[in-house]
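Protein chains: 2
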Amino acid sequence: MVSKDVKADDVVATLGDVCAARGLDALTARLAALQTLLAGDLAEVEAALAVVAKNGGTPAHESARHLLELGGKRLRPICVALASHVGSGFTPAALTFAVAVEMIHNATLLHDDVVDLGDRRRGADTARVVYGNAASIFGGDWLLAEALCRVQAAGVEGVLDRMLVVVREMVTAETLQLAARGRVRTSTSEYFKIVQGKTASLFQWAMFAGGRAGGVGTRECEALESYGGMLGLAFQIVDDVLDFAGDPEATGKDLLTDLREGKMTYPLLLAVERDPGLADELEANCRGDEVSVTPEIARRIGRVMSEGGVVQDCLALATRMCRDAAQSLEILPASQARSALQDVALATPLRRK
Amino acid sequence: MVSKDVKADDVVATLGDVCAARGLDALTARLAALQTLLAGDLAEVEAALAVVAKNGGTPAHESARHLLELGGKRLRPICVALASHVGSGFTPAALTFAVAVEMIHNATLLHDDVVDLGDRRRGADTARVVYGNAASIFGGDWLLAEALCRVQAAGVEGVLDRMLVVVREMVTAETLQLAARGRVRTSTSEYFKIVQGKTASLFQWAMFAGGRAGGVGTRECEALESYGGMLGLAFQIVDDVLDFAGDPEATGKDLLTDLREGKMTYPLLLAVERDPGLADELEANCRGDEVSVTPEIARRIGRVMSEGGVVQDCLALATRMCRDAAQSLEILPASQARSALQDVALATPLRRK
Chain L
1 MVSKDVKADD
11 VVATLGDVCA
21 ARGLDALTAR
31 LAALQTLLAG
41 DLAEVEAALA
51 VVAKNGGTPA
61 HESARHLLEL
71 GGKRLRPICV
81 ALASHVGSGF
91 TPAALTFAVA
101 VEMIHNATLL
111 HDDVVDLGDR
121 RRGADTARVV
131 YGNAASIFGG
141 DWLLAEALCR
151 VQAAGVEGVL
161 DRMLVVVREM
171 VTAETLQLAA
181 RGRVRTSTSE
191 YFKIVQGKTA
201 SLFQWAMFAG
211 GRAGGVGTRE
221 CEALESYGGM
231 LGLAFQIVDD
241 VLDFAGDPEA
251 TGKDLLTDLR
261 EGKMTYPLLL
271 AVERDPGLAD
281 ELEANCRGDE
291 VSVTPEIARR
301 IGRVMSEGGV
311 VQDCLALATR
321 MCRDAAQSLE
331 ILPASQARSA
341 LQDVALATPL
351 RRK
Chain P
1 MVSKDVKADD
11 VVATLGDVCA
21 ARGLDALTAR
31 LAALQTLLAG
41 DLAEVEAALA
51 VVAKNGGTPA
61 HESARHLLEL
71 GGKRLRPICV
81 ALASHVGSGF
91 TPAALTFAVA
101 VEMIHNATLL
111 HDDVVDLGDR
121 RRGADTARVV
131 YGNAASIFGG
141 DWLLAEALCR
151 VQAAGVEGVL
161 DRMLVVVREM
171 VTAETLQLAA
181 RGRVRTSTSE
191 YFKIVQGKTA
201 SLFQWAMFAG
211 GRAGGVGTRE
221 CEALESYGGM
231 LGLAFQIVDD
241 VLDFAGDPEA
251 TGKDLLTDLR
261 EGKMTYPLLL
271 AVERDPGLAD
281 ELEANCRGDE
291 VSVTPEIARR
301 IGRVMSEGGV
311 VQDCLALATR
321 MCRDAAQSLE
331 ILPASQARSA
341 LQDVALATPL
351 RRK
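Protein sequences, first through last, are from chains L and P.
The opening position of the first sequence corresponds to residue 1 in full-length UniProt numbering, with each subsequent residue numbered one higher.
The opening position of the second sequence corresponds to residue 1 in full-length UniProt numbering, with each subsequent residue numbered one higher.
Calculated directly from the structure, the hints in this document are not laboratory data.
Derived pair list, reagent style DSBU-like, types lysine-lysine, alpha-carbon separation capped at 30 Å:
id, chain 1, residue 1, chain 2, residue 2
1, P, 193, L, 54
2, P, 54, L, 193
3, L, 353, L, 253
4, P, 73, P, 253
Being a predicted model, the structure only gives us computed values, none of them experimental.
Extracted from the complex, chain L is given alone in its bound form:
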């Protein structure tokens, strides 16, 4: 239990460290306050996640447990918790939704790792490496089914309906992403369509469900959802940037993984736009839907990412989105939770893992 609490604290602490390292003292201090605000809630979430798949006793449940125990940023539960504090606070329904949103997220990761034949995640072997593909497929199915039952049992009007639509949106985005693999000449609108479905929609749901669980009114819930959508897009853009410019020690995964898997992310699309010959070189190195990354390709991409200003421009876009996200909460009455959500948004483009 104690170690779980520490892990939950770490999440917010990491955002704080990053800010501190960059001299953003005021933001650091505010994120420390956020940590105090959420410590109890996140400890409850961790305690609940720790037992989710513990008693299943099958390799599929072990897969789910393995992934859940590796932690992760828990940003979606943080969204649920903060949204609930915009209303009456972290109710039992909010706890249910915070746990469910992390279960759904992990369900998609289990299937993604089988689909991508991924070996490493969160600095450890993936569940499929430890327990096999079959266990990961059924582990993902089980996490999804269990999460839906929990959301249903919470009985908060409209929340399950929205969840089902979001799950369909997420899966549809995964089908599009799979179809687009290895297609070097794709469009930014295709990229944003995929990211909206794959990432932003679940952040939107987290904010909506948290708000509803805290008894927040319809108009305010719409603002929370809008925040969630923009935060989710920005979060994914930063994630995609970290594939090229991250520290594998911190992110827990190798560099250029997206590229090798033939996934054209926003930074890559900008890179191809600024170095037109790059598309030909990538296509020439496509094997099936994967890209064989030669040292020349890695160097060429590294150059356009830094000297061509791609990383800078991606982070600028993410920053703009996060400012819009923070701005969208201005219709809410001022509160500690509102400020905390705005701080989370402002810290998101600064994250390094």
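Fit chain P to the known structure of chain L by using the hints.
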């Protein structure tokens, strides 16, 4: 369209043919009447299934389309349709549920084939052979998500809630079945637990949802559900028998597939009980969780299946269950639909594909 209609008719016609071949003239005549009763409904189901995954345009959607187009017995939609006729008939909600139940069933098959590395189904290459494992995983996810959204949109009270619980039951059974693979010395209670979750629960839901869509009352819906549960168990036992005693031409899959995949079905459990040395021989031929079926093992199993009376006893049990299923409908007022359901139950242990 026309070919689809023919396919739907075929399903019921097949049950009729079997009965005719065995001299059960009265049952044959009644199943012909059933065919007339359902022809319109099943044509609507086929038309709807034909467009389910047509416009997705990704390999995942193609996987789903591939499997749905191969047909199958459509027994679950038949259950929905007949249950609806116990009430006011095949309403738009009943059509939605009939389509959704087949989508859910096919979603599980897509994942099963990836988990089992299955190459053939319904007499054709599996979707994973044609479109790959990744497309089949996301194809299954998509079918499930889409089916849940459709059930939700139908807005019939209690039907979505029950569906979610059933999906969790099905997935849990799959996790148990996977965990039990290659374990030769398992129990019949474990077998029935798996079959209840994997097969019977969805038949129960089909009957419940059809009844609710037709406005059938609570007590009558319970009888329909009870029928569905027993029919589902019997259906699965017959399926498992056909793995040993079926005609691959008719069933569309090779003999002894379950055995090779290390799945201890009811006939196998009886076989091991009646020929105790068989367990040792199976264990000696286990490679991981698969059984390498030597000609000696095949002969030995064939002997106990026929001379040891295993096939006969399994079919006797299925027949008893089907009689109980038919019996459970006696609380309903007499109607053409009730008789038809009873006939479907009586014909189930006679099916040969």
